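Asks: The residues making up each chain are set out below.
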Amino acid sequence: MEKTGLNKVDLIFEEIDPKEVLIKASKMTSDEIIQNMLDSGLKGRGGAGFPTGLKWKYTAAEKEPEKYIVCNADEGEPGTFKDREILDRVAYKVYGGMAIAGKAIGAKNGIVYLRGEYRFLLPKLMTELESFHKMISEIGFDFKIRYCLGSGAYICGEESALFESVEGFRGEPRNKPPYPTTSGVYNKPTSINNVETLVTATMIIKHGPASYSQLGTKDSRGSKVFSISGDTPTPGIFELELGMSVQEFVNEFGDGDTKAVQVGGASGFCVPRKKFQDTIIGFEGVPTGGSMKLFNSSRSMYNVLHNYLDFFAEESCGQCTPCRVGCQQLLKGVEKVKKGEAKSIYLNELVKLADTMKIASKCGLGQSVGNAFKTIVENFREEIIY
Amino acid sequence: MYQVGNLVKELSDKHGRQRDSLMPILQGIVEKHNYLTDEAMVEVAKELDISAAEVYGTASFYTFLDTQARGKYVIRICKTITCSMKGKIEIIQTLEDMLKIKVGETTADNNFSLIETNCIGWCHKAPAMLINEIPYTELTPEKVVDIIEGYMLK
Numbered sequence: 001m002e003k004t005g006l007n008k009v010d011l012i013f014e015e016i017d018p019k020e021v022l023i024k025a026s027k028m029t030s031d032e033i034i035q036n037m038l039d040s041g042l043k044g045r046g047g048a049g050f051p052t053g054l055k056w057k058y059t060a061a062e063k064e065p066e067k068y069i070v071c072n073a074d075e076g077e078p079g080t081f082k083d084r085e086i087l088d089r090v091a092y093k094v095y096g097g098m099a100i101a102g103k104a105i106g107a108k109n110g111i112v113y114l115r116g117e118y119r120f121l122l123p124k125l126m127t128e129l130e131s132f133h134k135m136i137s138e139i140g141f142d143f144k145i146r147y148c149l150g151s152g153a154y155i156c157g158e159e160s161a162l163f164e165s166v167e168g169f170r171g172e173p174r175n176k177p178p179y180p181t182t183s184g185v186y187n188k189p190t191s192i193n194n195v196e197t198l199v200t201a202t203m204i205i206k207h208g209p210a211s212y213s214q215l216g217t218k219d220s221r222g223s224k225v226f227s228i229s230g231d232t233p234t235p236g237i238f239e240l241e242l243g244m245s246v247q248e249f250v251n252e253f254g255d256g257d258t259k260a261v262q263v264g265g266a267s268g269f270c271v272p273r274k275k276f277q278d279t280i281i282g283f284e285g286v287p288t289g290g291s292m293k294l295f296n297s298s299r300s301m302y303n304v305l306h307n308y309l310d311f312f313a314e315e316s317c318g319q320c321t322p323c324r325v326g327c328q329q330l331l332k333g334v335e336k337v338k339k340g341e342a343k344s345i346y347l348n349e350l351v352k353l354a355d356t357m358k359i360a361s362k363c364g365l366g367q368s369v370g371n372a373f374k375t376i377v378e379n380f381r382e383e384i385i386y
Numbered sequence: 001m002y003q004v005g006n007l008v009k010e011l012s013d014k015h016g017r018q019r020d021s022l023m024p025i026l027q028g029i030v031e032k033h034n035y036l037t038d039e040a041m042v043e044v045a046k047e048l049d050i051s052a053a054e055v056y057g058t059a060s061f062y063t064f065l066d067t068q069a070r071g072k073y074v075i076r077i078c079k080t081i082t083c084s085m086k087g088k089i090e091i092i093q094t095l096e097d098m099l100k101i102k103v104g105e106t107t108a109d110n111n112f113s114l115i116e117t118n119c120i121g122w123c124h125k126a127p128a129m130l131i132n133e134i135p136y137t138e139l140t141p142e143k144v145v146d147i148i149e150g151y152m153l154k
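So the sequence lines, in the order shown, correspond to chains A and B. First residue of the first sequence? That's 1 in our numbering, and the numbers climb one at a time after it. First residue of the second sequence? That's 1 in our numbering, and the numbers climb one at a time after it.
Derived from the structure by calculation, the hints contain no laboratory data. There may be inaccurate statements among the hints.
Claimed, not checked - In silico DSS-like pairs for lysine-lysine, Cα to Cα no more than 30 Å straight-line:
hint: 1; chain 1: A; residue 1: K124; chain 2: B; residue 2: K72
hint: 2; chain 1: A; residue 1: K188; chain 2: B; residue 2: K72
hint: 3; chain 1: B; residue 1: K14; chain 2: A; residue 2: K338
hint: 4; chain 1: A; residue 1: K358; chain 2: A; residue 2: K274
hint: 5; chain 1: B; residue 1: K125; chain 2: A; residue 2: K274
hint: 6; chain 1: A; residue 1: K144; chain 2: B; residue 2: K100
hint: 7; chain 1: B; residue 1: K102; chain 2: A; residue 2: K336
hint: 8; chain 1: A; residue 1: K188; chain 2: B; residue 2: K14
hint: 9; chain 1: A; residue 1: K332; chain 2: B; residue 2: K32
hint: 10; chain 1: A; residue 1: K124; chain 2: B; residue 2: K125
hint: 11; chain 1: B; residue 1: K100; chain 2: A; residue 2: K124
hint: 12; chain 1: B; residue 1: K32; chain 2: A; residue 2: K124
Please read these numbers as outputs of a predicted model, since none were measured by experiment.
Please take these sequences and the hints and turn them into a complete structure.
Replies: Okay, here's the thing in structure tokens:
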């Protein structure tokens, strides 16, 4: 069927009876639940896009009796605010997804790692958690969830840094392998999933994988919650079917003067107007954890880039040299070019540095600084220089 | 400066004395006093039977676990791109004028500290700030004056 315009979906925020879904899940075997996830084509909604079914399958295969489900609610990517909204409105569906995942992999314990910036939500979330625990014990689910709070560190959204933080250490990413499915929090097999992924899992169990996988495209199944901000008349949270082009997105959300869209936040990609038509939002084009920032022609892309680099220079954990020094040098570098202290050709050296950071950095932070840097410098070079 | 008193003991009784109790204990102290003194960190180290360097090492990693003195109300203004685009500068100007301090400083009466922070997840309602844990969004200079006056009366 030919698609016209954007398909707005109401899956994540749909009010459901969680008990019904959990009773359904309790009658399924671990393999059946995992097969449902695999059939649905669901990929992680935090941004990296690892297939959820596979993650659960690998964790389920581990022999260790003590395993964990971790919900990554350390939503720190600039421009992302969907997880806060999801937790605020449908936390019971997040808890439901954790219990279902627990059943699938054989874990009795769940941890929600909530960023410190969202501490104001905690009293409400705890009350809801209490009723959830009561409800699942009635239907014979043996699963317990607790909260861990972050304290203002972007890097703790990186899975292994998050584990370190839960364990009471500095949030410095670990070497991989071993991957979390083998050795995660407390060095036990762990499935760590994004808030939205867990809600989606709940909905897949409710509606079945077939109806879910009808949404979206071959590489990007389903729908996604987008956090939309910047120069738009309608900032906010929207759930949309995957597979649209940036042009279609801009037609709906732009202010008529959009010159660039930053897809995926500071660690994502900048798409300039001339590429709107040919760029698909999703894993076949530009992937996103949901952050969509629109910039109109009144904005200086130098300021945008400078803001991102300043962000990374502060949020780099400092553990590995390529990222620690790289972030600072990229920031200093663009400042020098802007002030005329370095020739414009120096930008090429900085692009090389960003490439090196991608290869040599230990974790996703340092590896993805180059995404925004390169796409902004390549597409808006004159704005960086003059 | 504050006296940490029995707080560390109380928090340790509540959260345990394991390594993974460290973050909730430090967060509990900051919730009450807004920052960590050297004495408080040494006390935590004794209670958990770990080195004070471990406590400081962990605390100093996290932006919200301040190891320098902060006022009763810590104002954190988001400086990330959308808030920057939507008038963060006017908000800071208003706060600086009102509190007679610059970003990074604390008022003489120790009531307010003014700092910038990275994205706090309110980009669709920018500009935004946190006062302790409470978010305030869609700020205008007028709105900020009202909010701060409210805190001054507390």
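Asks: If a hint holds in the structure, say so; if it doesn't, say that too.
Replies: Verification of the hints:
1. Between the alpha carbons of K124(A) and K72(B) the distance comes to roughly 24 Å, so the proposed pair stays at or under 30 Å and holds.
2. A threshold of 30 Å between alpha carbons decides the hint, and for K188(A) with K72(B) the separation of about 40 Å lies outside it, so the pair is violated.
3. Our distance criterion of 30 Å between C-alpha atoms is broken by K14(B) and K338(A), whose separation comes to about 53 Å.
4. As the CA atoms of K358(A) and K274(A) are separated by approximately 26 Å, the hinted pair is consistent with the 30 Å bound.
5. Only pairs whose Cα atoms come within 30 Å are accepted, and K125(B) paired with K274(A) is accepted, the gap being roughly 29 Å.
6. For the hint pairing K144(A) with K100(B), the CA-to-CA distance comes to about 49 Å; that exceeds 30 Å, so the pair is violated.
7. Between K102(B) and K336(A) the alpha-carbon distance is near 27 Å, which keeps this suggested pair within the 30 Å criterion.
8. Straight-line distance between C-alpha atoms of K188(A) and K14(B) comes to about 25 Å, which keeps the hinted pair within the 30 Å bound.
9. For the hint pairing K332(A) with K32(B), the CA-to-CA distance comes to about 38 Å; that exceeds 30 Å, so the pair is violated.
10. A distance of roughly 22 Å separates the Cα atoms of K124(A) and K125(B); the hinted pair therefore holds under the 30 Å criterion.
11. Taking the CA atoms of K100(B) and K124(A), the gap is near 36 Å; set against the 30 Å cutoff, the hint is violated.
12. With a C-alpha separation of about 20 Å, the suggested pairing of K32(B) with K124(A) holds against the 30 Å cut-off.
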